[in-house]
Amino acid sequence: MSSKKKQSIQTPLAKAKGLGSAHTGTHHWLMQRVTALAVLPLIFWVVYSMFKLQGADYLEFTTWLAQPMNAVLSILFIIAGFYHAVLGNQVIIEDYISCKWFRMTKLIGQKLFFIALAVACIFSILKIAFTAGV
Amino acid sequence: MSDKDNSITRPLSPHLQVYRLPMTAKMSISHRITGVLLTIGLVLLAVWMIAAGLGEERYNQVMTLIDTPYTKYVFVAWAFALFYHMGNGIRHMFWDMGCGINQKAACKTGTLVLLFAAVMTYGVWSLSCGCHKDYFNKDQTVEVEGEVNVE
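Order-wise, the sequence lines are chains A and B.
Note that the working numbering has the first sequence beginning at 1, numbered continuously upward.
Note that the working numbering has the second sequence beginning at 1001, numbered continuously upward.
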């Protein structure tokens, strides 16, 4: 055993299992609340907008999304909403999937999937905001 | 005593299949279920916006898939899930601050959340397919509805 490993304060069992405090538990909990607070006032705006945009054609939808207020609020909602969804789904996966490799696959997979979707969505909003009506 | 006898007489932990869930437990699992449903809704919303970013042709393709006569009912159901999850989330935040963590208060606030979700959903329902559906911007919504009805 090297001298470096001897200095660790991990118990032998924790070392063998590769477990230990990751110092991230509270961060997950806190961010779940913070993103919830971020989404909270936006919900009314989203429901109202979705209601108004039901069945909107391309021109109606893009002119709506191109308005600065709508574009900014949409981006904020997408970021906070997807962040909140990722954290929530993570807890559900951790609670209900006991098979280790499947759990890890789903945890990483959902994170990458939602990040990709959110980035594509934000790019789309920006593109419409900067090009619509030009 | 054999193992079999033991397992029968031993008190069982509240297992889902034999235990009648109290209202607070039903609300707790509903919070998760609505959370998952809202994630699906968020993905649909993102797909809608991405489709618009890809141009008019793609947008129309996606709209023919999404925009059906039943869409408004899905929208109302989505709104209910959203308002339920929102109300219950606020309830959770009060618990985090140490307010109302006892059986009586939890039942009371639970009823309040259900009432809130019901009232808000009724509002969305009456504005999108009920008796007040022409309330906002009459000239605009009538046009949109005409298109929906044709399809």
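Simulated from the structure, these hints should not be mistaken for laboratory data.
Each hint should be verified, as a subset may be incorrect.
As the list claims (entries may be wrong) - A short list of chain A residues far from chain B (calculated; beta carbon distances all over 12 Å):
| id | residue |
| --- | --- |
| 1 | Leu13 |
| 2 | Gly18 |
| 3 | Leu65 |
Said to hold, decoys possible - Taking lysine-lysine pairs in the DSBU-like style, the calculated list, with each CA pair at most 30 Å apart, reads:
| id | chain 1 | residue 1 | chain 2 | residue 2 |
| --- | --- | --- | --- | --- |
| 4 | A | Lys52 | B | Lys1072 |
| 5 | A | Lys111 | A | Lys100 |
| 6 | A | Lys127 | A | Lys17 |
| 7 | B | Lys1072 | B | Lys1104 |
| 8 | B | Lys1072 | A | Lys127 |
| 9 | A | Lys17 | A | Lys111 |
| 10 | A | Lys15 | A | Lys127 |
| 11 | B | Lys1108 | B | Lys1026 |
| 12 | B | Lys1026 | A | Lys100 |
| 13 | A | Lys100 | A | Lys15 |
| 14 | B | Lys1104 | A | Lys111 |
| 15 | A | Lys106 | B | Lys1108 |
| 16 | B | Lys1104 | B | Lys1026 |
| 17 | A | Lys127 | A | Lys111 |
| 18 | A | Lys106 | A | Lys17 |
The C-beta atom is built at its ideal place from N, Cα and C for all residues, glycine as well.
Tested hints:
1. Leu13: holds, 27 Å
2. Gly18: holds, 29 Å
3. Leu65: Nearest chain B Cβ is 7 Å from Leu65 (chain A), so the label is violated.
4. A:Lys52 x B:Lys1072: holds, 11 Å
5. A:Lys111 x A:Lys100: Cα-Cα ~17 Å, so holds.
6. A:Lys127 x A:Lys17: violated, 48 Å
7. B:Lys1072 x B:Lys1104: violated, 37 Å
8. B:Lys1072 x A:Lys127: Given pair Lys1072 (chain B), Lys127 (chain A) holds - Cα atoms ~28 Å apart, limit 30 Å.
9. A:Lys17 x A:Lys111: holds, 25 Å
10. A:Lys15 x A:Lys127: violated, 50 Å
11. B:Lys1108 x B:Lys1026: Since the Cα atoms of Lys1108 (chain B) and Lys1026 (chain B) sit roughly 14 Å apart, the hinted pair holds (cutoff 30 Å).
12. B:Lys1026 x A:Lys100: holds, 28 Å
13. A:Lys100 x A:Lys15: holds, 18 Å
14. B:Lys1104 x A:Lys111: violated, 38 Å
15. A:Lys106 x B:Lys1108: Violated - the C-alpha atoms of Lys1108 (chain B) and Lys106 (chain A) are around 37 Å apart, more than 30 Å.
16. B:Lys1104 x B:Lys1026: holds, 16 Å
17. A:Lys127 x A:Lys111: Holds, at about 24 Å.
18. A:Lys106 x A:Lys17: holds, 22 Å
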